Every structure is written in structure tokens, then in C-alpha cells.
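J.: Here is how the chains run, residue by residue.
Protein chains: 2
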Amino acid sequence: MLTVDGLQYSNWSREIFEQMREGGVDAVHATLVYHETLRETLTRIGEWNRRFEAHGDLIMPVHAPGDIERAREAGKVGIFFGAQNCSPIEDDIDMVAVLRQLGLLIMQLTYNNQSLLACGCYESEDSGITRFGRQVIREMNRVGMVIDMSHSSERSTLEAIEISERPVIISHANPSFFHDAKRNKSDKVLKAIAENDGLLGFSAYPFHLKNGPDCTLEDYCDMIARTVDLMGIEHVGLGTDLCQNQPTSVLEWMRNGRWSKEMDYGEGSANNAGWPKPLAWLRDSRDFPNLMEALRAKGFAEQDVARIMGRNWVELLERTTTPME
Amino acid sequence: MLTVDGLQYSNWSREIFEQMREGGVDAVHATLVYHETLRETLTRIGEWNRRFEAHGDLIMPVHAPGDIERAREAGKVGIFFGAQNCSPIEDDIDMVAVLRQLGLLIMQLTYNNQSLLACGCYESEDSGITRFGRQVIREMNRVGMVIDMSHSSERSTLEAIEISERPVIISHANPSFFHDAKRNKSDKVLKAIAENDGLLGFSAYPFHLKNGPDCTLEDYCDMIARTVDLMGIEHVGLGTDLCQNQPTSVLEWMRNGRWSKEMDYGEGSANNAGWPKPLAWLRDSRDFPNLMEALRAKGFAEQDVARIMGRNWVELLERTTTPME
Chain A
1 MLTVDGLQYS NWSREIFEQM REGGVDAVHA TLVYHETLRE TLTRIGEWNR RFEAHGDLIM
61 PVHAPGDIER AREAGKVGIF FGAQNCSPIE DDIDMVAVLR QLGLLIMQLT YNNQSLLACG
121 CYESEDSGIT RFGRQVIREM NRVGMVIDMS HSSERSTLEA IEISERPVII SHANPSFFHD
181 AKRNKSDKVL KAIAENDGLL GFSAYPFHLK NGPDCTLEDY CDMIARTVDL MGIEHVGLGT
241 DLCQNQPTSV LEWMRNGRWS KEMDYGEGSA NNAGWPKPLA WLRDSRDFPN LMEALRAKGF
301 AEQDVARIMG RNWVELLERT TTPME
Chain B
1 MLTVDGLQYS NWSREIFEQM REGGVDAVHA TLVYHETLRE TLTRIGEWNR RFEAHGDLIM
61 PVHAPGDIER AREAGKVGIF FGAQNCSPIE DDIDMVAVLR QLGLLIMQLT YNNQSLLACG
121 CYESEDSGIT RFGRQVIREM NRVGMVIDMS HSSERSTLEA IEISERPVII SHANPSFFHD
181 AKRNKSDKVL KAIAENDGLL GFSAYPFHLK NGPDCTLEDY CDMIARTVDL MGIEHVGLGT
241 DLCQNQPTSV LEWMRNGRWS KEMDYGEGSA NNAGWPKPLA WLRDSRDFPN LMEALRAKGF
301 AEQDVARIMG RNWVELLERT TTPME
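Just so you know, the sequences run in chain order A and B. Going letter by letter, the first sequence gives residues 1 to 325 in my numbering. Going letter by letter, the second sequence gives residues 1 to 325 in my numbering.
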């Protein structure tokens with residue numbers, strides 16, 4: 001069964017790529033950057049080019065949706081890039097097309113904070129999509145770069161969906177009805193995503209889950225079933241947010257970038273500052289078959305399991321990343 | 001007849017693209033940058049993306065040699081990018097592959113001065129290819145980026161040819177036997193280029209010509225004939241160095257970059273500081289048919305005229321810009 005994970009940010013290594021293959025993962029949306037400048041983003045791309053060269057037997061780049069099928073046929077994991085923030089384009093709309101040429105398929109308009117484009121989910125006031133943001137959305141539509149609102153706040157998300165001529169996604173988050181967290185999404189947002197033919201990738205990051213790291217696989221599948229009722233079977237997928245083997249310094253970079261002089265703990269706290277304990281049933285990419293089996297046990301038809309496990313991600317990329325005429 | 005100009009750096013405009021079409025030009029090696037940093041280079045690429053969007057009826061990008069045929073069939077001018085200096089990669093070998101992904105097909109290792117890679121033709125001492133330069137040559141070979149030694153000095157050029165596993169070019173210069181200038185090339189260099197299956201593009205920049213702006217078309221064709229005797233018919237092409245409508249500030253940028261506090265006049269002098277007077281027989285791209293006719297008049301067979309006018313450039317790109325296994 002074709003499997004796509006709609007978000008990972010691990011301390012990439014051959015071992016991790018081998019785990020992906022072992023778990024039957026065909027493609028992964030890999031976070032390229034959090035707060036990096038354009039120049040720093042190119043360094044990250046350069047590092048990935050070295051990985052593609054060194055581990056070409058295990059991984060290959062995905063620059064268009066068809067590349068996922070090609071990766072699968074070659075027995076490799078397709079890697080598609082996403083930026084968790086709009087920092088790579090800096091203040092320059094022309095960099096949207098340039099980064100798309102380099103394989104950046106997905107970009108979040110903001111990461112927790114206000115950006116030049118939109119408002120993040122940790123701000124107290126959300127004034128919606130900015131003047132620059134409106135133009136960037138149109139440019140992302142044009143070149144085929146997916147708009148991801150995972151870390152954005154409600155009004156900005158709804159406005160992005162309204163402005164965008166193509167589907168908008170939430171690559172990694174969960175419904176608020178399952179667990180109330182700043183990063184999770186209201187029914188209103190989820191319905192708007194679905195009506196716009198977008199996609200929600202279910203997060204397995206403990207801060208986004210009921211009972212945190214102790215969330216059961218049964219509860220997780222129950223959440224999926226309820227969300228399918230709300231959004232439809234075609235608009236959900238996986239976005240585990242697996243962050244393997246990353247030091248705390250990376251967590252601090254994600255949360256603080258260069259913007260904060262005080263330590264910001266994001267979804268954690270001073271007493272709970274580190275990485276959350278991983279889920280027992282999703283330790284790494286080798287555990288994806290667990291999830292597949294649990295969805296079957298939950299009663300999903302085989303074709304629906306296939307949609308959730310990866311087919312919906314492939315179709316979403318087909319309708320969003322081809323250049324517009 | 002397929003026509004390729006192996007170097008232009010004009011103040012690009014719709015008028016200039018129309019002139020190319022009118023002159024039957026199918027592809028142009030366009031200088032992207034002289035001394036720009038990587039970030040600045042991306043801005044130049046962004047500007048070109050806007051031109052491709054605005055003038056898509058006249059021009060299209062060339063990312064692989066086959067794109068030149070596609071441009072011709074579509075009745076458009078194919079544009080392929082070159083850097084006249086290695087400044088875009090800064091000190092980062094990984095940027096060779098990144099820039100190749102963005103369509104940079106050609107890069108000079110140095111522009112007149114010593115660079116991090118090699119020595120330029122205006123330095124008094126040439127210590128040859130540097131440690132970084134040796135690695136960059138291998139990386140350029142690997143990703144399919146052509147090594148251009150137009151503004152390099154003799155020893156560096158000969159060493160680059162020896163180190164490179166693929167043909168090396170001089171995109172725009174002339175033989176020293178025709179006109180002795182720092183930028184023109186010795187018989188030894190030209191023979192080495194030919195033996196390595198590379199290419200010399202004949203410059204029409206007055207400073208590289210006998211009698212400067214008064215050089216006759218007959219003398220120019222005589223130079224071509226003598227060079228064909230030296231290098232073989234398969235190793236020569238055009239590289240006019242046409243710089244239309246550029247202000248003097250651009251000439252000063254080419255000559256001085258950010259490295260000089262005194263005005264450097266390059267091939268000119270304090271008394272002759274501006275752009276040279278253009279040739280009467282090559283005012284702009286509409287005059288390429290003049291050159292074609294003159295080559296015929298000189299007695300070149302039709303297939304040899306075709307080689308000089310463009311076929312050799314296409315074949316050179318075929319043997320140098322495809323990625324290596």
C-alpha cells in the first residue's frame with residue numbers, strides 16, 4: 001500500500017532512510033527549514049543534494065507528484081521539501097518561483113508568530129493575510145507551491161483559503177475536538193479546508209494528542225474516523241511530525257529562531273522543556289504498518305485505508321503542484 | 001540555419017528579444033552575473049523568470065541542450081545562463097549543484113582577477129588552479145556545468161583542461177594571432193581546447209579585434225578560417241559579446257566589481273573609458289545573416305557554416321551539460 005508521511009523533520013541519516021524503507025514509506029514531506037534565510041536555505045538544499053548522492057539507493061527527490069510513483073517503482077523513498085515558515089523568500093516575491101525550481105513544493109505562510117504574510121497561531125491578535133501575503137498566495141498558486149497553514153491562526157487560515165485559487169493544506173495538526181491546543185484546528189477551519197479540496201495531515205506529535213505521549217492507537221484511529229465524517233475521506237492523510245534523534249538545540253531553534261531573547265517553550269513549558277516522549281506505537285518509520293492495521297481494525301474499507309495512508313497526499317500534490325497555465 | 005550566440009549581455013528588453021528573432025537567432029548564452037553574490041544571483045534569476053513570463057511568446061529557458069531544438073520548433077529564442085565569474089558559488093562547493101538546478105549551464109572560473117578557483121588574465125602571476133578550484137572542476141563535470149576560461153590566464157586554462165574530465169570552453173575571445181590582447185588566446189591554449197573537444201566562441205567585441213571597431217567582416221571571416229585550420233571545424237562557434245544599450249555603470253561594474261577603489265579601465269583606458277563603438281556589420285542580433293553570408297562568401301561549405309553558426313554550440317552542450325552517471 002502506497003504510504004506517504006506528510007511531515008517529518010529528523011536528524012537525517014542512512015539509518016532513518018532505511019527505517020522508512022522497512023516501514024514501507026514511499027514518500028516523506030521533509031521539512032527543509034524553520035527560520036532560515038534564503039542563503040541558509042540553499043545550504044540546506046546543498047546538504048540534501050549530498051544525501052541524494054550518498055544514499056541514492058534509498059532516497060530520491062520528488063519535484064512533481066509523478067516522482068512519488070517513480071520512487072515507489074524504484075524501491076526508493078521520495079523526499080519532497082517543505083518550509084515551515086516563509087523566511088526563505090525573505091521580502092522577495094520572485095524567490096517563490098526560484099525555490100519552486102529547487103523543489104520546494106510546500107511552504108507555510110507563518111510559523112507560530114506573525115510573518116510578512118500572515119499571522120501565526122501563538123499571536124494574540126490575527127489581522128489576517130497581509131498585502132504581501134495576498135500576492136505570495138497568488139504566486140504560489142501560479143508556480144505550483146502548496147500553501148500550508150499548519151502553524152497559522154484561524155482568521156489567516158480562513159482568508160488564505162478564500163484568496164487561494166488552489167487547495168490549501170494543513171500538513172500536520174489535529175482537530176481541536178480531539179485535543180484543544182493552539183496548534184490544533186477548529187471544525188470551521190477543517191470544513192473550509194475540505195470544501196477547498198485541501199488536506200489535513202494527522203499529527204502524531206504528543207502535544208497535539210489527547211493524553212499526550214500516552215495517546216492510544218485506538219483513540220488516534222477514532223479521531224481519524226470522526227474527522228473523516230467531518231471532512232470526507234478524500235481530505236485526510238498523515239503528517240506525523242516525527243522528529244527523530246534531534247538534539248534539544250533544534251527544538252529551541254524551532255521555537256525561538258532568532259526572534260526571542262527569552263526562552264520560548266512553545267507547546268512545552270519550563271518544567272517540560274525538552275522533546276516529548278514518543279508514542280509507543282510510532283517510534284519511527286518502521287511502525288507505519290501498525291497504523292495501517294489499526295485503521296483496518298477500526299473498520300475502514302481497504303480503499304479508504306489506502307487514501308489515508310498515502311493516496312490522498314499524491315492526489316493533493318497532483319492538484320496543487322503542477323504549474324498553472 | 002540554426003543560430004546560437006555564445007555570449008551576450010544586453011540591457012534585456014522586448015525590443016532586443018524581437019531583434020534576436022528577426023536575426024534568426026535560436027539560442028543565446030546570456031550572462032547572468034559578473035561579480036554578484038549567491039543572493040544577488042538569485043535576484044538576477046528572479047528577473048529572468050519575470051522576463052520568461054512577460055515575453056513567453058519570444059523567449060524560453062534552456063536547461064538542457066534539447067531545449068534549443070524545442071525553442072526553435074516553437075519559434076522562440078532559447079536563453080541559457082552563464083556566470084562570468086565564480087562569485088555565485090561563494091566558498092561553497094554545494095552551490096555548484098544548486099545553481100545547475102536553477103539552469104546555470106556555464107561558469108567562468110575567474111573574471112580577469114585571481115579568484116578562489118583560478119587566475120584571471122589580468123594578473124601578473126598565474127599560480128594555476130587552486131585546491132578549491134580542483135574540486136569545483138570535478139563537481140562542475142559531475143553536474144553538467146560547462147567550464148568557461150574566457151577571462152582566465154594561460155596556465156590556469158591549460159591546467160583546467162588537464163583536470164577536467166569533460167570539454168572546456170572559451171565562450172568569447174579570439175586568437176592572439178589575429179589581435180594581441182590580454183583577453184585573446186595563444187595557439188597553445190586553442191589547440192588544447194580543441195584536443196579536449198571543447199569550443200572557442202569568436203568574440204565581436206571591438207577590443208578583441210584587429211583594427212578594433214573598424215575590423216572588417218572580411219578580416220573577421222579570415223580569422224575564422226585560420227582558426228578552423230588550427231582547431232578543426234567542430235571546435236569553433238560564435239560568442240559575440242554583444243552588450244546592447246548598457247549604461248557605462250554596467251561597464252564599470254564589469255571592470256571594477258567591488259574590488260577596486262581606483263577606476264580600472266579593463267581593456268580601455270582613461271582616455272577611452274566608455275563602451276567601444278559597435279561594428280558596422282554587427283549592430284545587433286538582426287545582423288547575424290550578414291555573418292552567415294560572409295562565411296559562405298569566404299568559401300565555407302554549407303555544413304561548415306551551419307557548424308560555426310550554431311550546430312557546434314548545440315553539440316558542445318550535449319557533451320558537457322548532461323549529468324554524469
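Be aware that a few hints might be false.
What the hints assert, rightly or not - Beyond 10 Å from chain A on every Cβ pair, some chain B residues (computed):
id: 1; residue: Y34
id: 2; residue: I45
id: 3; residue: G46
id: 4; residue: D67
id: 5; residue: E69
id: 6; residue: V98
id: 7; residue: Q101
id: 8; residue: F178
id: 9; residue: K191
id: 10; residue: A270
Stated by the list, open to error - The calculated label-pair distances, taken between Cβ atoms and stated as ranges, are:
id: 11; chain 1: B; residue 1: I93; chain 2: A; residue 2: R258; range: 25 to 35 Å
id: 12; chain 1: A; residue 1: T216; chain 2: B; residue 2: G66; range: 51 to 61 Å
id: 13; chain 1: A; residue 1: E315; chain 2: B; residue 2: E47; range: 31 to 41 Å
id: 14; chain 1: A; residue 1: G232; chain 2: B; residue 2: E47; range: 35 to 45 Å
id: 15; chain 1: A; residue 1: Q246; chain 2: B; residue 2: D92; range: 35 to 45 Å
Simulated from the structure, these hints should not be mistaken for laboratory data. Since the model is a prediction, treat every value here as computed from it, not as a measurement. Just so you know, even glycine gets a beta-carbon here, dropped at the ideal spot from N, CA and C.
J.: Range first: 31 to 41 Å. Now tell me if the beta carbons of E315 of chain A and E47 of chain B are that far apart.
T.: Cβ of E315 of chain A to Cβ of E47 of chain B: about 35 Å, so the range 31 to 41 Å holds.
J.: Determine whether the Cβ-Cβ distance between T216 of chain A and G66 of chain B falls within the hinted range of 51 to 61 Å.
T.: 55 Å, holds
J.: Run the C-beta distances from I45 of chain B to all of chain A and say if the shortest one exceeds 10 Å.
T.: Nearest chain A Cβ is 6 Å from I45 of chain B, so the label is violated.
J.: Beyond 10 Å from every Cβ of chain A: is that where the Cβ of K191 of chain B lies?
T.: Answer for K191 of chain B: holds, closest chain A Cβ roughly 35 Å.
J.: Does the claim that A270 of chain B lies outside the interface with chain A hold up, using a Cβ gap greater than 10 Å?
T.: 38 Å, holds
J.: Please settle this one: Q101 of chain B was flagged as non-interface, so is its CB more than 10 Å from every CB on chain A?
T.: 6 Å, violated
J.: Please test the hint of 35 to 45 Å on the beta carbon pair from Q246 of chain A and D92 of chain B.
T.: 24 Å, violated
J.: The output says G46 of chain B does not contact chain A. Does that hold with a beta carbon cutoff of 10 Å?
T.: 3 Å, violated
J.: So is F178 of chain B really clear of chain A, every C-beta pair being over 10 Å apart?
T.: The claim holds: F178 of chain B sits with its nearest Cβ about 40 Å from chain A, beyond 10 Å.
J.: Is it true that G232 of chain A and E47 of chain B lie within 35 to 45 Å of each other by Cβ?
T.: For E47 of chain B against G232 of chain A, whose Cβ atoms are near 43 Å apart, the range 35 to 45 Å holds.
J.: Please settle this one: D67 of chain B was flagged as non-interface, so is its CB more than 10 Å from every CB on chain A?
T.: 14 Å, holds
J.: Decide, holds or violated, for the assertion that all CB atoms of chain A are farther than 10 Å from the CB of Y34 of chain B.
T.: Fine: 19 Å to the nearest Cβ keeps Y34 of chain B off the interface.
Violated hints, listed in ascending order, are 2, 3, 6, 7, 15; each of the other numbered hints is respected by the structure.
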